[in-house]
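Enquirer: These are the residues of each chain, in order.
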Amino acid sequence: MNYQKNTELIDKLAAEYVLGTLRHGARKRFEHWMTLDENIRVSVYQWQNKLYPLIDYIPLVTPPARVWQSIEARLFKPAHSTSQGWWNTLSLWRYLSGLSLAASALLGLYIAKQPGLPLQSFTSGQYISVLSTAQHEPSIIIDYDELRQQLQLTQLHLNAVPPQKTLELWSISEQGTPVSLGVLKNQKAMVIALHRTQVELLKQTKAIAISLEPLGGSPTGLPTGPVLHSGKLLSKISAPASIKNIS
Amino acid sequence: MSNDQLVQLLAQTALKNQVAFSELYQHTSSKLYSIALRHLKRTDWAEEVLQECFVSIWHRAIDYRSGSSAPLTWMSAIVKNRSIDWLRRPHYEEPDVDGTLTEALADDALGPLDQLVQTGETAAIVRCLQELETKQKQLINFAFFDGLSHSDLAKSLKIPLGTVKSAIRRGLIQLKGCLSL
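First to last, the protein sequences are chains A and B.
Numbering follows this note's numbering, in which position 48 of the first sequence is assigned residue number 48; successive positions increment by one, without gaps.
Numbering follows this note's numbering, in which position 39 of the second sequence is assigned residue number 39; successive positions increment by one, without gaps.
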C-alpha cells in the first residue's frame with residue numbers, strides 16, 4: 001500500500017498519532033514516514049496545533065529541584081563522562097586515523113587463517129568498513145548492499161550483549177558529529193535497513209562506531225554508552241572495494 | 001512568558017547558550033512535568049522522562065521550526081511521545097497505582113476537561129469537544145491526557161475494542177470538521 005499518496009489515511013494516522021492511540025510498530029513506522037515526507041509532517045503539525053492547546057488544562061506540578069541538577073550534571077559538568085562525547089576526543093581521531101590500514105592488513109591475515117569463516121556473507125555487498133574493538137582487534141565487517149539499501153554486519157568474534165541493552169550503529173561525520181544509523185535488533189540478524197536520508201548521510205560519513213545503549217536505542221539521540229567497536233569508512237559508497245581483493 | 005520569548009530561548013538553546021536553556025527550563029518544566037506525570041502516574045518515572053526530554057531538547061533545539069508549531073507544543077509533543085514510549089517498557093506495570101484512574105473512568109468524569117466546563121473556557125478545541133457524545137469525549141480525553149491505548153480504554157471502560165476504535169475515529173473526524181470552521 002502506498003501510504004504517502006493516501007491523504008485521507010495520512011490524516012487518520014496523524015490524528016491517532018497525535019492523540020496517542022497509534023501504538024507499537026505502527027507508531028514507529030509512522031515516525032519513520034514523518035522523516036521522509038513533508039506532507040505527513042504537515043498533517044501531524046496541524047493535528048498537534050489543534051489538540052495540544054488542551055495541555056493548558058492539566059494542573060501544573062512543579063518538578064523537584066533534583067531534576068534540573070541531573071540535567072545539568074548530564075550535560076554540563078566537565079567531570080561527568082558524557083559532558084564531552086567520546087566522538088569529540090582527539091585521541092579517538094588519532095586512533096582511528098592509524099587504524100584503517102592496520103585493520104585491513106589484520107583482516108586479510110585473519111581471514112586467511114580462518115577457512116571456516118562464511119566469506120559469502122560479506123562478499124554479497126560492498127565492503128565499506130572494518131570495525132575494531134578498543135583493544136585494536138578487528139571485530140566487525142560492514143557491507144553495504146546498495147540494492148536493498150542496507151548494511152550487513154559480520155562479526156568476527158561473537159560477543160554477547162548484556163540483557164536490557166542493545167547495540168546502536170553511528171555515522172560520524174568529518175566534524176565528529178554522531179548520527180544514529182539504527183539499532184541492531186538482535187545478534188543473529190545483523191542487518192540495518194537505511195532510509196534515503198541515511199544513505200545520503202553515509203556518503204558524508206568519516207567513521208562508523210557501535211555503542212552499547214539501553215533497549216530501543218539511545219534516549220538522547222547521541223551515544224550514551226561505551227563504544228565497543230569503531231572504524232573509519234574505508235571506501236566511498238560510490239567507489240567499491242571488494243573484500244575479495246583483501247582475502 | 002510569550003510564545004516569541006520562548007522561540008528566542010529555543011533559538012539560543014540551539015546555539016548552546018546554557019543560560020537560555022536554564023531559563024527555558026524554569027518557564028516550561030512545570031507544564032512538561034505535569035504531562036509526564038499525568039501519563040505515567042509515578043513521580044520517579046515522570047522525573048526521569050522529564051530529564052531525558054530536556055537533554056533531548058538541548059540536542060534537538062536546532063530542529064525546532066517556529067512556522068510549524070508553538071514552542072510549547074513542540075516541547076510537549078517530545079514529552080508526550082517519550083511518555084508513550086515509556087509505557088511500552090518491559091518494567092512498566094499498570095498506570096493506575098492508586099486506583100484514581102479506575103475511579104475517574106467509572107463515574108463518567110472527564111478529568112481536566114471538567115475544569116474547562118466549570119471555568120466557562122472558550123478555546124476552540126474545548127468548544128468542539130463539548131459537542132461530542134459523552135463517551136467519545138471521555139475516550140479522547142483519557143487517550144490524550146493519560147496516554148491510554150485503544151486496548152487500555154476497552155479494558156477500563158468495558159467496551160469492545162472495535163467500538164473504542166470507531167468511536168475515537170468518528171470523534172476525531174467530528175473535531176476536525178468543527179475546528180476547521
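Simulated from the structure, these hints should not be mistaken for laboratory data.
The beta-carbon is built from N, C-alpha and C at its ideal position, and this holds for glycine as well.
Heads up, a few of these hints could be off.
Said to hold, decoys possible - With a straight-line cut-off of 16 Å between C-alpha atoms, the simulated EDC-like cross-links for lysine to aspartate or glutamate are:
| # | chain 1 | residue 1 | chain 2 | residue 2 |
| --- | --- | --- | --- | --- |
| 1 | B | 176 | A | 11 |
| 2 | A | 12 | A | 31 |
| 3 | B | 31 | B | 47 |
| 4 | B | 176 | B | 131 |
| 5 | A | 77 | A | 31 |
| 6 | A | 28 | B | 131 |
| 7 | B | 41 | B | 85 |
| 8 | A | 206 | A | 174 |
| 9 | B | 16 | B | 63 |
| 10 | B | 165 | B | 133 |
| 11 | B | 31 | A | 31 |
| 12 | A | 203 | A | 174 |
| 13 | B | 176 | A | 8 |
| 14 | B | 16 | A | 72 |
| 15 | A | 203 | A | 137 |
Claimed, not checked - Far from chain A, by Cβ distances over 10 Å, these chain B residues were calculated:
| # | residue |
| --- | --- |
| 16 | 42 |
| 17 | 55 |
| 18 | 131 |
| 19 | 143 |
| 20 | 149 |
| 21 | 155 |
| 22 | 162 |
Enquirer: Which hint numbers doesn't this structure obey?
Expert: 5, 6, 11, 15, 17, 19, 20
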